[in-house]
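Need the complex rebuilt from these two chains, each delivered in its own frame; the hints are there to steer you.
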Amino acid sequence: MPSKKNATPANPAPATEELEGPPPPEPVSPVQVLYCAVCSFPPEYCEFGSSLTRCKEWLKENYPDLYDKYYSENALTAKVGTLSLEAQTKLEKDTAKKEAKAEAKADAALKKKLASQITIKRIERNKRKHVTAIHGLDAFGVDLKKASKQFASKFATGSSVTKNLQGQDEVVVQGDVSDEIVDMIEAGVGVLKGIPVDNVEIVEEKKKKGGD
Amino acid sequence: MFKKFSPSTDIAGQTPVKSSVQRAIRAAVLSQWKIEPETLEAIWPKKEGLVHVKCREHISIYTVHGEPLIIQHFDGPYYPTLRLLHKYPYILPKVGIDRGAIRFLLAGAPMMCPGLTSKGGYLPPADAALPAGTPVAIHAEGKDNAVGIGLMKLGSEEMRRINKDVGVEVTTYLGDDLWALKAL
Ligand SMILES: [Zn+2]
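Heads up: the protein sequence lines correspond to chains E and F, in order. Going left to right, the first sequence walks through residues 1 to 212 as this note's numbering numbers them. Going left to right, the second sequence walks through residues 1 to 184 as this note's numbering numbers them.
Bound-form chain F, shown alone (with noise of 0.2 Å):
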């Protein structure tokens, strides 16, 4: 999503979020984040506004002082910026690429399926399966930091037995453009 990005031509405008858009937005989030309502507030306190940046392609970026912390495509679900995630690593499922796998993904590629259910990857045991379409921090073989954040494209006890093709769409991964923007 944000292999190439940049500020000046892909977004197209940003715009203070309503007050109640912004109760509608972090009741949304707490829901769909494993976040404490007091983590969610020392990131996002309530009294602060959220900007809505604007971008090419149904993307929006939401900020608090310029800083990017959340991510959504189109009105699906909200994503945390890789740069939040690394500091709240535990409000997204994990699921864990192969060594193999980590310069694909650096390199913009979806996450085939084999990189996640072979020896080196990670998917949660059957009694904590993922649904397709869920959020979820890509961890890397050996790596303490997520090197990205996904989207479950296929539900993680049906990767394992299918196990071809796409598992999870990267959304935004480490040295993608967002990455590379600190402020907005």
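Chain E on its own, in the form it takes in the complex (with noise of 0.2 Å):
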């Protein structure tokens, strides 16, 4: 079989010939811009952000050249631009305030979050039948929907993320699974990690007599 390079000039592919005219205009490739892995500017605004200390501390280490030339003296200088000096103080300040403000309400977050209680309830829906609804993950910065799927295929059951009488979104799985599920807390798995077993509550919730 002659490949398509053999072809001889008496018997020539059309098709590759239309494709050797003008080559298509490329796309422009998009600039990669760098962003702050701390606060998810452009290092370049960290200083208008709330952690600016961190930002400072996770360029230098990652990025010593983008560092100086951000923070060195001369481009402290050279930044204050046409700014007088008294706004660039009270800028300063500001940035000095919002950080110790993002502190304080991140302390503050973080206690809640160690407080916060994940509660796993066993809900009886008939004789044998059981469905467990967990709630409280959310606090613990867990994207319900993701751990809703993940507990579907872990135990190949049915799982959704609900509102509850309150109001408030719970993953509900079919099934009695609450012991699994406190197992998998406990070791962590997938979009489980990192929260403390010691927050984690399991109740039941008995069928009420004459209950629909």
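The set of hints was computed from the structure by calculation and includes no laboratory data. Misleading hints may appear alongside valid ones.
Said to hold, decoys possible - Computed cross-link-like contacts, DSBU-like style, restricted to lysine-lysine with a CA-CA straight-line distance of at most 35 Å:
| id | chain 1 | residue 1 | chain 2 | residue 2 |
| --- | --- | --- | --- | --- |
| 1 | F | K94 | E | K113 |
| 2 | E | K105 | E | K163 |
| 3 | F | K3 | E | K111 |
| 4 | F | K18 | E | K163 |
| 5 | E | K56 | F | K4 |
| 6 | F | K94 | E | K60 |
| 7 | F | K46 | E | K69 |
| 8 | E | K146 | E | K113 |
| 9 | E | K101 | F | K153 |
| 10 | E | K90 | F | K153 |
| 11 | E | K60 | F | K47 |
| 12 | F | K94 | E | K149 |
| 13 | E | K98 | F | K87 |
Unchecked claim - Each pair of labels, with its calculated beta carbon distance range:
| id | chain 1 | residue 1 | chain 2 | residue 2 | range |
| --- | --- | --- | --- | --- | --- |
| 14 | F | P45 | E | L34 | 20 to 28 Å |
| 15 | F | G13 | E | V33 | 52 to 60 Å |
| 16 | F | I162 | E | K101 | 34 to 42 Å |
| 17 | F | A109 | E | L34 | 22 to 30 Å |
| 18 | E | L76 | F | A183 | 51 to 59 Å |
| 19 | E | A78 | F | R160 | 22 to 30 Å |
| 20 | F | H73 | E | R128 | 53 to 61 Å |
| 21 | F | A180 | E | K101 | 17 to 25 Å |
| 22 | E | A109 | F | A126 | 44 to 52 Å |
Unchecked claim - Calculated Cβ distances over 10 Å to all of chain F for the following chain E residues:
| id | residue |
| --- | --- |
| 23 | L52 |
| 24 | K111 |
| 25 | K146 |
Note that the coordinates shown come from a computational prediction; the quantities given were computed from them, not determined experimentally. Just so it is clear, CB atoms sit at the ideal spot from N, CA and C, and this is done for glycine as well.
What follows is the structure, given as structure tokens:
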């Protein structure tokens, strides 16, 4: 069989010739902007964020040349630009204040997180049928939809994110899997990583007499 | 527009965009932005479906594979998202604010004329004047990347003449709630 390369001039392949016209215009390739791993801004804007100290540490460690570019003494004088000295001082003060505020907020959030409880509720549906409702995972930054998917595939059962009576989202898994879920949290499987197992509580909800 | 934006409460729904509508959006984007068709094709390939994310107050976000790319308010002009603009900084005309105005912008304030007309600010020269209603990339004194995207409230020559009140309204900026959403 003749390969395409060996095609004789008498027998040209039209499709190939068409392709050989002017090359189609190439798309412009995107600029890859570096974003700060701490505050998500391009590093040149870290100074306006609320985590400058940590941003600077990160930049110094990972991009020392950029660190010099933005924070060396020369850069600092040049940066002030057309801003008056008073305005620059005020900006720096504001940044420090913002940072302190953000730190306090982060501290409070962490405390709240450490104090928040995860409740695994075994709910009786029928005589031998249960569902397991897991409440409070979101306080630990767990994406409930992802957790629900993880449970569904782990237990090969139905699982969904639903609102409870208080209107808060929780994950509901078909079947009684409360002990298994505690094990999963303890092992930190998948999206359940980093949850202190001490904050997990198992409760049982019996079917009410004459209930629906 | 996105100072406070929470997907769970501010998004009404997501629908794939009909192909006839996609064609119209593509044509409008090509005419409104300074972008080559092949580059737009690389960002948003014709065979990929655009998804319309309907938000509160007539805000529309268009996504490809969940990544927000285009913003529209009512039937106004199309804006790129700031992350998209960072990748293709030339697609919108530029204005610049002085260093003093940066922190106001980052707090969600509209940009006042003096911040654009001062020595540290930037407006295009008279022969490239921008009319009111133009989407613009907002750059900042001494910075390489755009800090936000806005809409000219006044023409650039008017700003120079009047030099007070709001010159550019800010659509989206670094650190607003849309910035935090890498995928919808
Ligand atoms: Zn940073």
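Status of the hints after comparison with the structure:
{"no.": "1", "hint": "F:K94 x E:K113", "in the structure": "violated (43 Å)"}
{"no.": "2", "hint": "E:K105 x E:K163", "in the structure": "holds (28 Å)"}
{"no.": "3", "hint": "F:K3 x E:K111", "in the structure": "holds (26 Å)"}
{"no.": "4", "hint": "F:K18 x E:K163", "in the structure": "holds (32 Å)"}
{"no.": "5", "hint": "E:K56 x F:K4", "in the structure": "holds (27 Å)"}
{"no.": "6", "hint": "F:K94 x E:K60", "in the structure": "holds (31 Å)"}
{"no.": "7", "hint": "F:K46 x E:K69", "in the structure": "violated (41 Å)"}
{"no.": "8", "hint": "E:K146 x E:K113", "in the structure": "holds (19 Å)"}
{"no.": "9", "hint": "E:K101 x F:K153", "in the structure": "holds (34 Å)"}
{"no.": "10", "hint": "E:K90 x F:K153", "in the structure": "holds (29 Å)"}
{"no.": "11", "hint": "E:K60 x F:K47", "in the structure": "violated (43 Å)"}
{"no.": "12", "hint": "F:K94 x E:K149", "in the structure": "violated (45 Å)"}
{"no.": "13", "hint": "E:K98 x F:K87", "in the structure": "holds (29 Å)"}
{"no.": "14", "hint": "F:P45 x E:L34: 20 to 28 Å", "in the structure": "holds (26 Å)"}
{"no.": "15", "hint": "F:G13 x E:V33: 52 to 60 Å", "in the structure": "violated (31 Å)"}
{"no.": "16", "hint": "F:I162 x E:K101: 34 to 42 Å", "in the structure": "holds (36 Å)"}
{"no.": "17", "hint": "F:A109 x E:L34: 22 to 30 Å", "in the structure": "holds (27 Å)"}
{"no.": "18", "hint": "E:L76 x F:A183: 51 to 59 Å", "in the structure": "violated (36 Å)"}
{"no.": "19", "hint": "E:A78 x F:R160: 22 to 30 Å", "in the structure": "holds (27 Å)"}
{"no.": "20", "hint": "F:H73 x E:R128: 53 to 61 Å", "in the structure": "holds (55 Å)"}
{"no.": "21", "hint": "F:A180 x E:K101: 17 to 25 Å", "in the structure": "holds (18 Å)"}
{"no.": "22", "hint": "E:A109 x F:A126: 44 to 52 Å", "in the structure": "holds (51 Å)"}
{"no.": "23", "hint": "L52", "in the structure": "holds (13 Å)"}
{"no.": "24", "hint": "K111", "in the structure": "holds (23 Å)"}
{"no.": "25", "hint": "K146", "in the structure": "holds (13 Å)"}
Against the hints set out earlier in the document, violations occur for numbers 1, 7, 11, 12, 15 and 18.
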